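S.K.: Sequence:
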Amino acid sequence: MITDDKQTNEHLRSYINYYTGLKNPRYAVLVKGEWGVGKTHLIKNILKDDQKFYVSLFGLTTIQEVHSAVFVKMYPNRSRLKKILNWFGSSSMKANDVTLALGPLVGNIANALIKEKVDNSKTIVFDDLERCSINLEDLFGAINKYVEHHGCKVIVIAHDDKLNDELTDKKEKIFGQVIKVTPDIEGAFNQFISKSKAPIAFEAIKDIIYKSFLASECKSLRILDYMINDCARLLSCIPDKLYNKRLLSEIFVLFTALNINYRLGKLKAKEIESRNSVLYYVKKDTNADDIYDEIKENYKNHEVPLRLESDLLSNEVLIDTIVNGLYDKDKITKSIDNSRHFIKPESKGPWFTILNFDLYPTTDVDNALEELYKQFEEMQIIENGEIQHSINLLFMLSEAKHIDKTIDDIYLFFLEYVRKLQKNNKFPPADLFTEYEPIRDSAYGYGYWINDSYKHYSSKLNKILAQQQQIALRKRYPQFLADLRNNLKEDTAKFCEQISRNGLKDINIYGYIAILSSFKPHEFVDMWLSIDMTNWHNVRTALVNRYSGGSLHGDLTDEGPWLKFVKMNIRHRASKASGIDKLRISRLLIGL
1 MITDDKQTNE HLRSYINYYT GLKNPRYAVL VKGEWGVGKT HLIKNILKDD
51 QKFYVSLFGL TTIQEVHSAV FVKMYPNRSR LKKILNWFGS SSMKANDVTL
101 ALGPLVGNIA NALIKEKVDN SKTIVFDDLE RCSINLEDLF GAINKYVEHH
151 GCKVIVIAHD DKLNDELTDK KEKIFGQVIK VTPDIEGAFN QFISKSKAPI
201 AFEAIKDIIY KSFLASECKS LRILDYMIND CARLLSCIPD KLYNKRLLSE
251 IFVLFTALNI NYRLGKLKAK EIESRNSVLY YVKKDTNADD IYDEIKENYK
301 NHEVPLRLES DLLSNEVLID TIVNGLYDKD KITKSIDNSR HFIKPESKGP
351 WFTILNFDLY PTTDVDNALE ELYKQFEEMQ IIENGEIQHS INLLFMLSEA
401 KHIDKTIDDI YLFFLEYVRK LQKNNKFPPA DLFTEYEPIR DSAYGYGYWI
451 NDSYKHYSSK LNKILAQQQQ IALRKRYPQF LADLRNNLKE DTAKFCEQIS
501 RNGLKDINIY GYIAILSSFK PHEFVDMWLS IDMTNWHNVR TALVNRYSGG
551 SLHGDLTDEG PWLKFVKMNI RHRASKASGI DKLRISRLLI GL
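Numbering (our numbering) for the sequence shown: 1 to 592.
Mixed in with the good hints, there may be bad ones.
As a list, the in silico SDA-like pairs of lysine to any residue whose alpha-carbon atoms are at most 20 Å apart [to be verified]: (1) K475 - D558; (2) K122 - H149; (3) K423 - I382; (4) K489 - E523; (5) K44 - I63; (6) K348 - I319; (7) K460 - A430.
Please keep in mind that the hints were generated in silico from the structure rather than gathered at the bench. Computed from a predicted structure; not experimentally measured.
Input sequences plus hints: build the corresponding full structure.
M.R.: Structure follows, in structure tokens:
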């Protein structure tokens, strides 16, 4: 399929060989191309070390630094440098990574020497034109001096965009030839594969990822190299059951398409998360253009099948791998096992069959719909994600005229179902640990099916469910309060851990809900002062931790008034005491 094409950029090789053979060409050569296409690599391969003076312009800010950098490359031997510059004394001048010893006459004399002492026996190669901060007109003037005055052969390597924006007539007077580098994708691909950790294993996906890279329209060989390394890591996590061409194609075309566009800066993490969420479906139905439209169009034009909605790799896995560089084999395997290819529809519930109606005959969808109604009737659908999937799919079926219910009817049905769950104490409570707000536009790896005609209702579902979950949680406050009372008396260390906010979900179980306001302030202070005196400040420290970081203006707002009364009560207790007892109680207010 892929062969090493040595003819790619042969025009560059041929012209460079011709140019370097000229005695005094009196013009420079400009080599341009997109970022990462391998311009520097090509020039370094064409011109060996003994044929060139390679000078990177990266980070240089003055013309003097350019001349100094060239001078150092031409005279790298320190003893020779010393011989040339020994009459300057002990001052110094730095050029790139070499410090030249100069003296008090360093000014005009040194500058003149560095500019005029030029070796034109080799070609000067200036790289990274766009990465220096020197005015281009001044820089071209310096380059022209080497060409016109010193008879040097000069090659300049630059990025296309920089040239298009800033090169003017000055360029035409200096550069007698402009050559654009075409990335040798085939050759580089084969080379990167052969140097990978598992070149033999790559045979199963070699064609897939090569065609995907071409379809992406990316020209950067750097990104190609990164992509191959990432694919090698992902490949090592793929279970044997996925080794058939159709499934490997689905997973690696998706992975490479998102990987490449993320590295190009076209995709951000939040956009990867939204590929199958509310935003994706809304834009899909309203024909709004976004980055995914561009990606899909590119892959369609190259006849490479891309399933952006594929669930083989969950959004969490894609973020872990592409954004964070984490390849958790167990998590990847679990994601694949939970995909539509391997999971049985009944294991996820009837909503899953309805959501994937493209894959099932209408009779199966209708059977799933009947089962869905039955589960609603028996109050079996209680999880937030399952409720939102089910209701949004009923909205969709109503819009499609597949069911004899209006969208308003379904919304009223939802409200009644929520009341029914709450009345029968079947509503699952909100998570005790709410430091991080979970994404609410998808569940179980699938975005909710939301269209414009009912998105105003869809947006209310999560808010209403969240409110009901909070109500269900508050129903458990008496149980939580009893637990805290007991621990404050019997296991103060555990009490302190439970009310602290250190991000430990299994330990700080009451740290993120306003449960302490369920204590009467005087009762809490009574209990606090009744425990062993050596634990008083442990409780104070836990409270300080609890209320730091602005929590009283966030999820613990309801405890603000309560805390004021607690502090008033402590001050009152202190006022009734005297001497060291008064001081001891007063010190409980430190930091609160």
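S.K.: Could you run down the list of hints and mark each one as holding or not?
M.R.: Structure-based check of each hint:
1. K475 - D558: Holds - the C-alpha atoms of D558 and K475 are around 16 Å apart, at most 20 Å.
2. K122 - H149: holds, 15 Å
3. K423 - I382: holds, 13 Å
4. K489 - E523: Roughly 13 Å between the alpha carbons, so the hint for K489 and E523 holds.
5. K44 - I63: Violated. K44 to I63 sits at ~24 Å, over the 20 Å cutoff.
6. K348 - I319: Answer violated: K348 to I319 is near 24 Å, above 20 Å.
7. K460 - A430: holds, 17 Å
Hints 5, 6, counting from the list given before, are not met by this structure.
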